[in-house]
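Following full-length UniProt numbering, the numbering of the sequence shown begins with 1 at its first residue and continues without gaps.
Just so you know, these hints were derived from the structure itself, not from any lab.
Any given hint could be a false lead.
Stated by the list, open to error - The calculated label-pair distances, taken between Cβ atoms and stated as ranges, are:
(1) L133 - I3: 56 to 64 Å
(2) G110 - I16: 36 to 44 Å
(3) L133 - V20: 35 to 43 Å
(4) D123 - I3: 50 to 58 Å
(5) G1 - G110: 49 to 57 Å
(6) D124 - C28: 30 to 38 Å
(7) Q58 - D127: 15 to 23 Å
Here a beta-carbon is modelled for each residue, glycine too, at the ideal position from N, C-alpha and C.
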Amino acid sequence: GGITAEEAKRSSYLNIVGMVGSIDNDFCGTDMTIGTDSALHRIMEIVDAITTTAQSHQRTFVLEVMGRHCGYVFAPPPTSRSGKWGGKNPKRPFFPVSSYLALITALACGADWVFIPESPPEDDWEDHLCRRLTE
Numbered sequence: 001g002g003i004t005a006e007e008a009k010r011s012s013y014l015n016i017v018g019m020v021g022s023i024d025n026d027f028c029g030t031d032m033t034i035g036t037d038s039a040l041h042r043i044m045e046i047v048d049a050i051t052t053t054a055q056s057h058q059r060t061f062v063l064e065v066m067g068r069h070c071g072y073v074f075a076p077p078p079t080s081r082s083g084k085w086g087g088k089n090p091k092r093p094f095f096p097v098s099s100y101l102a103l104i105t106a107l108a109c110g111a112d113w114v115f116i117p118e119s120p121p122e123d124d125w126e127d128h129l130c131r132r133l134t135e
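Full structure from sequences and hints, please.
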């Protein structure tokens, strides 16, 4: 349905504000949408639990972060050589805002590698990852 002119006039004193709830942090004009911080907090709890097991068993674990256009957590933080560099500042990595949750999680937990489907890695990523895992 819609709001008629009469209903709008009768309720013109109402001030309505919409609050966006999204783990994707994809709403312009906000620093962080409701749900993003909660999602990041929960992911970090899981990473902390998995890290202990991974270290004790000397294994590598892959963690997938859910969410629309969020990418996957597993590879180089945006400061690594595999980042997409561009824009006016060649020293600043360029990643789409839509990969926010995966990148912030990777930085927060110290991930060695991050795969973002929207920004494919370089051709030699497998060799680089193998070298990193053997360090």
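Checked hints:
For L133 and I3, the Cβ-Cβ distance of about 59 Å falls inside the hinted range of 56 to 64 Å, so the restraint holds. Roughly 43 Å separates the CB atoms of G110 and I16, a value that falls within the hinted 36 to 44 Å. One distance hint, 35 to 43 Å for the beta-carbon pair L133 and V20, holds here, with the actual separation near 39 Å. Hint check: D123 to I3, Cβ distance near 55 Å, so the stated range 50 to 58 Å holds.
Taking 49 to 57 Å as the suggested C-beta distance range, the pair G1 and G110 conforms, at roughly 51 Å. In this structure, D124 and C28 meet the distance hint of 30 to 38 Å, their C-beta atoms being roughly 36 Å apart. One distance hint, 15 to 23 Å for the beta-carbon pair Q58 and D127, holds here, with the actual separation near 21 Å.
The structure fails none of the hints (numbered hints given earlier).
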